[in-house]
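Enquirer: Listed below, chain by chain, are the residues.
4 protein chains.
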Amino acid sequence: VPCSYIQLARQARRTREQQIRQIIEHRKLPEIGLDDSLIEQWLNELSQMDSNNFLGNIGVGEREGRVYSSLVAKRHYSFSHGIGRSGDINSVQPKAAGSSLLNQLTNELVLDTVKYLGLRTIKSALVIPMATGMTLTLCLLTLKKIRPQCRYVLWSRIDQKSCLKAILATDLIPVIIEQIQTDDNEELHTDVNKFEQYLKNCTNLNEICCIYSTTSCFAPRAIDNVVELSLLCEKYSIPHLINNAYGLQSTKIIHELEQSKRKGGRIDYIVQSTDKNFLVPVGGSIVLGYDQESLDRLSKIYPGRASITPTIDLFITLLSMGRRGLTDLIQKRKLLHKQFLDKLIRWTSENTEHILKTKQNPISIAVTLTQLPSEHITQLGSMLFSRRISGARVIQIGKKQTIDNYEFENYGSHSSTSKYSYLTVAASIGIQEEHIDLFIKKFDILYKKVLLMSTNQTLNDLNIVD
Amino acid sequence: VPCSYIQLARQARRTREQQIRQIIEHRKLPEIGLDDSLIEQWLNELSQMDSNNFLGNIGVGEREGRVYSSLVAKRHYSFSHGIGRSGDINSVQPKAAGSSLLNQLTNELVLDTVKYLGLRTIKSALVIPMATGMTLTLCLLTLKKIRPQCRYVLWSRIDQKSCLKAILATDLIPVIIEQIQTDDNEELHTDVNKFEQYLKNCTNLNEICCIYSTTSCFAPRAIDNVVELSLLCEKYSIPHLINNAYGLQSTKIIHELEQSKRKGGRIDYIVQSTDKNFLVPVGGSIVLGYDQESLDRLSKIYPGRASITPTIDLFITLLSMGRRGLTDLIQKRKLLHKQFLDKLIRWTSENTEHILKTKQNPISIAVTLTQLPSEHITQLGSMLFSRRISGARVIQIGKKQTIDNYEFENYGSHSSTSKYSYLTVAASIGIQEEHIDLFIKKFDILYKKVLLMSTNQTLNDLNIVD
Amino acid sequence: VPCSYIQLARQARRTREQQIRQIIEHRKLPEIGLDDSLIEQWLNELSQMDSNNFLGNIGVGEREGRVYSSLVAKRHYSFSHGIGRSGDINSVQPKAAGSSLLNQLTNELVLDTVKYLGLRTIKSALVIPMATGMTLTLCLLTLKKIRPQCRYVLWSRIDQKSCLKAILATDLIPVIIEQIQTDDNEELHTDVNKFEQYLKNCTNLNEICCIYSTTSCFAPRAIDNVVELSLLCEKYSIPHLINNAYGLQSTKIIHELEQSKRKGGRIDYIVQSTDKNFLVPVGGSIVLGYDQESLDRLSKIYPGRASITPTIDLFITLLSMGRRGLTDLIQKRKLLHKQFLDKLIRWTSENTEHILKTKQNPISIAVTLTQLPSEHITQLGSMLFSRRISGARVIQIGKKQTIDNYEFENYGSHSSTSKYSYLTVAASIGIQEEHIDLFIKKFDILYKKVLLMSTNQTLNDLNIVD
Amino acid sequence: VPCSYIQLARQARRTREQQIRQIIEHRKLPEIGLDDSLIEQWLNELSQMDSNNFLGNIGVGEREGRVYSSLVAKRHYSFSHGIGRSGDINSVQPKAAGSSLLNQLTNELVLDTVKYLGLRTIKSALVIPMATGMTLTLCLLTLKKIRPQCRYVLWSRIDQKSCLKAILATDLIPVIIEQIQTDDNEELHTDVNKFEQYLKNCTNLNEICCIYSTTSCFAPRAIDNVVELSLLCEKYSIPHLINNAYGLQSTKIIHELEQSKRKGGRIDYIVQSTDKNFLVPVGGSIVLGYDQESLDRLSKIYPGRASITPTIDLFITLLSMGRRGLTDLIQKRKLLHKQFLDKLIRWTSENTEHILKTKQNPISIAVTLTQLPSEHITQLGSMLFSRRISGARVIQIGKKQTIDNYEFENYGSHSSTSKYSYLTVAASIGIQEEHIDLFIKKFDILYKKVLLMSTNQTLNDLNIVD
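Residue numbers (the numbering used here), protein chains in the order written: chain E, 1 to 466; chain S, 1 to 466; chain U, 1 to 466; chain F, 1 to 466.
Derived from the structure by calculation, the hints contain no laboratory data.
It is possible that some hints are incorrect.
Which copy is meant is left open, because identical chains are indistinguishable; a pair holds if it fits in one copy or across any two.
Claimed, not checked - Restricting the straight-line Cα-Cα distance to at most 30 Å, the calculated cross-link-like pairs of lysine-lysine (DSSO-like) are:
1. Lys-442 <-> Lys-145
2. Lys-449 <-> Lys-300
3. Lys-74 <-> Lys-332
4. Lys-263 <-> Lys-334
5. Lys-399 <-> Lys-300
6. Lys-261 <-> Lys-115
Keep in mind it's a predicted model, so treat the numbers as computed, not measured.
Next up, chain E with everything else stripped away, as it sits in the complex (with noise of 0.2 Å):
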């Protein structure tokens, strides 16, 4: 083969390898994505420094990273060791160099991703391979170890259940604060004032762990106000623990976070998802924190090892994305959530019903259901079900849930005095245009169907085809 060929070749493979050299050294999300191929190369490499992959390697311990399916060494990169170590979740191993190099450099572009999408003031990002409900309940133990005489959560009531339960999981008590509904408008919104006079009246301070709120949640709950939240957090010296499950999606909600910061609020630890946020399945979780201390205390706190799947997951995700990618994702995102809104206006209005006045939800959205019997209105959910929409979440007041000695009422709404059952429906990050006609196409035919169902009246007599 003639040399000027191979000499193109060569030349052509440098610049590939340019683009993962100039990733590695600046430690930037590039601007454009990676092909899958490049990307397979890439972590291919990394697995081979590993020990268990090492040609005339000699295992003689009780773990050598052994796999005995080719099909899982395949999915797994060969990857088999994992990330952390007896001490540390986010500590070197001797044994597997290529996964500790993947760990920090994925931990490293997750901290450059946020900062991009406005986090500026961010320090440190960690990617936990747990999903945020078990990570939430890390974070509390490690504020607990450091607050030993710690018992109590301040918590802002949301109603899904993993949220509680994150703080059930350590034998610490929450606190709930209700949501309380401005008057004109029937949003959700945290209750401050509430907050404020709770930690004046506490005797002792020490014995509170946190404050605990959440930004992303379903309408007609509001974002948390996590601006004066964390102030309050700053004035008596309280850490501050903020579920953002997924609200990297939102801009607003990344600008609530970026504003708590500037003026001066305290923010120990924010989780989040990284399924809901970036696409991937279900399984890991990533840490913000403002001091490398703090998350140094957390990945210490961490036994033993843990599963590396997640850390590769967003690796292949945010760099095939590239800067570019994950932009157009969260611009069309927004884009979408306006247009679901304005379609579903159009809808209520021909429908007699009203869209809950949400304005600091950017994600969820709430349609009251006034007009259908109260006695099917649950049967609307499983009729949206069995048509394959998936995620309409369908609430009815008046129902109390009991979780763990904790009673409820209206479980779902997020608030003991909502008035209206109502439908949430979300525009979050990946979603179709398509899909949302689809769904308003479908739910009106279902909404229809519900409502003719204490009359004798069918579809037919509409002239509706289901």
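Assemble chains S, U and F onto chain E, guided by the hints.
Expert: Positioned in the frame of chain E, the structure of chains S, U and F alone reads:
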């Protein structure tokens, strides 16, 4: 294409489907492993039962299992929803019937497998997508929940950081019970008497969370005397948590566990690693229990969702092994442990060293390093490492280590009164005979190299080629 | 797992199976392409119908489809038996019902596809696992078989080696009919008169194997006048073989072919490349015919078996495209050809060059290089190559080339009487708009560089950055 | 990550790269096979040297190696340009340096492999991406080219259709030389005398294209007497084409071929199947020659490009086997052939049948079916087929078959004078011992079933369970 050809093909296909049907019906590990393509086909069929893979699915929720990268989707066989719902890691997901089935089936296959391995009295098994350390923490948090007054964990000392850190991550306090060295041999045994003394003298047994014992460990520590400890637990109504990290690969350890129960002892949770016992990548563990209720309690404490990856890895691997493949691995390990021991005994007899007598450790072997100059002894470790020998540990006595305010003499040797520096190696599942021989050859050279360090001689003088 | 979840999942699965069933029943390319996982699932199901994948198959023959490497098995979806039996490349294999079905189905999908593209009178299609050149040879061998006295092929000159070599591989003798240049433009046209003259003067028409024409080609050669040639073939009862290598991507070429038939002309075989038209790797071709008998004759002359790989590639690609995907590609190509032409016209007007007028070539464009010093003109080609521009061809007039005793003037230009040196580029299927712009930018620089070669100036003098 | 870890990892990586470098330098099959990940990595690196995978490549030609489906790209490791250029199947492509390198390297590895297998005098090897039948046709076309007057092929009868059809596809005329049955045994031998007679009597030897012999074949035909035929070819200056379809797996056949050359015989081309000898899917063949010139002539007659798939399959498989893996397979086959024969002899002695004595056939075995009622004998074949036994052939004497005007008595038995109906089975490369046992068991039952067909008995009467 003629009918007869098609018919034959259909019939062949039915044979394959039959294999799957039998496993689903009997929930038993098949005698002979399935081939890869059948396993993959099954996984694909299951994942198509999840809503994110439905044709025509309309997702209007905040988590719709969308996956950005096709590389990522592929490595997860398009599973995306993980396992667990807010309340319970083992609960069924409406959006993900396939994932839920896979999870249930894997738990049942694991139960059948451990029964087949000899733990016949076990009633329930749960794959947890966290490694052993964090899973032990989860068990402790669960026990703490039902024993609200508890503060202490009675812990039989073992010098592996993550064992201790699993306690420290909760805010329970470890009561460290040192190992004892029996007169007639050099093995370290559980100090059962001291455990009983402690319990006898305890004024409020409710303050004790549990006894926390360890089976698999490095020589010269023996596996804990789980029979006696279980009987103590039963007698004093104290929970018993067993760290059986890599014990499923040893018929001896399984025998001890089974005996503990048969003799009427109490065991609440046995925790083992998926990677160390079943040759999958790090990331999961298995919790075994003797009643469904205990495991339900555990699964219900877990907040939120979790990765399905360790479940998939185990599903693939177990089906791929079949009973026969697993038995072969376990028998081969036992045989190679014996060979390794014999070969090391021969080596010691030629080098004025000896093997620490440890009948109660079926996996790990400790070789004294009495002849080596103590100032050079740790170099042996790094020399082994740089020859691509992984897993061999050099323990030098006389070292103190402090972990979270707890100080340990001779850390690494499991005992404050160890007398010898030594090297440990293990014959763990998957080890190859040729690796044993290569290890001894290389170790012999390096041993001699270190031996000569205080003299002026080199290996050349002894005509040894490094 | 609750029944309702399973039911929904089953229903979703049925929707997917429905897609496959419809294709099997109607043998038509679906409107919308299938997703990758469905295609792979289908392939896996088909390959399991082959005996080498039967569970419990006992192979005691000399060819049992055994595959050593799992990498190889995987890349072939476990198909191993190829297609064809000793007598016939299209015949069914008893050992491989799945392969046979796949082969038949693909041929029918291809037939539907070419009809959809406009070749409505075509009756039969056959995917041949050899590239166009060797397939043209096979067609010639087949024609020779039914015309035992034949010795000559009437061939409309085209300067692509493999077109001529397809004749030379048989021992037929090419009668080379030069292109003619029409007065009013610079395009090279089929010299239909000379063809007819030759036939008229021929004493024994049985000595003529066929007329062999070419559609897709580099400008300034036009596509052959297949309408007139077909009419000649009909008139003189001479077979007509058409090399339509990359003509399926052009609506114009398809129109000409369809017209040839509709006007009563004779066409025996039309051969096209799978890779050039359908974006698969090199390796296959498609033979189209107007009666089943001709194609049967072709398939029956093929000795032995053949690879199923090009069939699999085409199956995947067509199903993945769907009609819509294919239409998009073809329309986009047409559009980009126009853009490319327009942009080059603009360039020529600024550089005292011009585009050779070639209305009858819908794919390739020829740009004169009259201003360049002739001694440096070929350097332009290697310069383009080393800038990673592939596919641009620089044709310098005045070169002779001898292929197997046949001498050609101005080889590469399709004509002994060409007047200009020129560059050809093509807008072929899959081209991107940005590539056109980048090409023109780079070409402009290199053109100027060569222009300056006979002067003492450099690009710097013109303030151009290379 | 500490330097020492990285250094160790780098060193391990170098060991891997070293393996590749050695193969490139020495062009020899390695002793021990490479592992899959290393092979894939190498393929990926090679394919990145092709222009279609260059980052920043601008394609303005008519064939740019674009691939639509990522499934297709993946299965071809992103190779897309195939092999060969218009003039020559073995020539280098400027656009595809990686493909070209892979092609050259594979041809050299194949050459080394066949030498290692015992064909030490071979000078050149060429992988042709067509199966044996079509490749034999290509060889004949090449020979015809240098012998322009030739019309006949002297062919030693073998009843496999594709062998004959390889002649018929060219328009050469087969001169069929029947096999002879030696007095002392039942084996069919090459009638060397008749060959010589024909040549002696021939007035114009230039009319003979070649002698075309076959080695591997079904018993009771022996491998052709290639030694004597080669000497005839040398004596009369006639080319010699050998169909060695599955002969590379037999040490005996290799010995005969090597002897032919060493004794001064003439062999022009030896053609063998890649799938039958090296356990890859159908699609390729290997042509071996004793001088570079003959193979160049062959490669230069091939018009256009061709698939690289068979080359990739062979590359992967040979590297994966290594010399040791290949040797193991070949020795195991030899052993199992002996076992199969012994077990069948035992069976025949119990069933009043016998094995046709065929010392000169090292692969296939023929068992007489003298006791079976002739009207039911063919049913045995379909019964075997429907029990998933593939490759066993039932030959019933007395059948005529006409192929393209050539009529054969006792078609399938290679001889017009065969006396027995019989069954053939083969012990070919990759056969498993358990399959031999299962075959005999099932055959025994079916044989008895057919035996009873003319009586009124059933298997039940004989207490045999089917």
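Enquirer: Now tell me if each hint is right for this structure.
Expert: Here is how each hint holds up against the structure:
{"no.": "1", "hint": "Lys-442 <-> Lys-145", "result": "neither (51 Å within a copy, 46 Å between copies)"}
{"no.": "2", "hint": "Lys-449 <-> Lys-300", "result": "neither (56 Å within a copy, 37 Å between copies)"}
{"no.": "3", "hint": "Lys-74 <-> Lys-332", "result": "between (34 Å within a copy, 25 Å between copies)"}
{"no.": "4", "hint": "Lys-263 <-> Lys-334", "result": "within (26 Å within a copy, 57 Å between copies)"}
{"no.": "5", "hint": "Lys-399 <-> Lys-300", "result": "between (42 Å within a copy, 22 Å between copies)"}
{"no.": "6", "hint": "Lys-261 <-> Lys-115", "result": "within (13 Å within a copy, 55 Å between copies)"}
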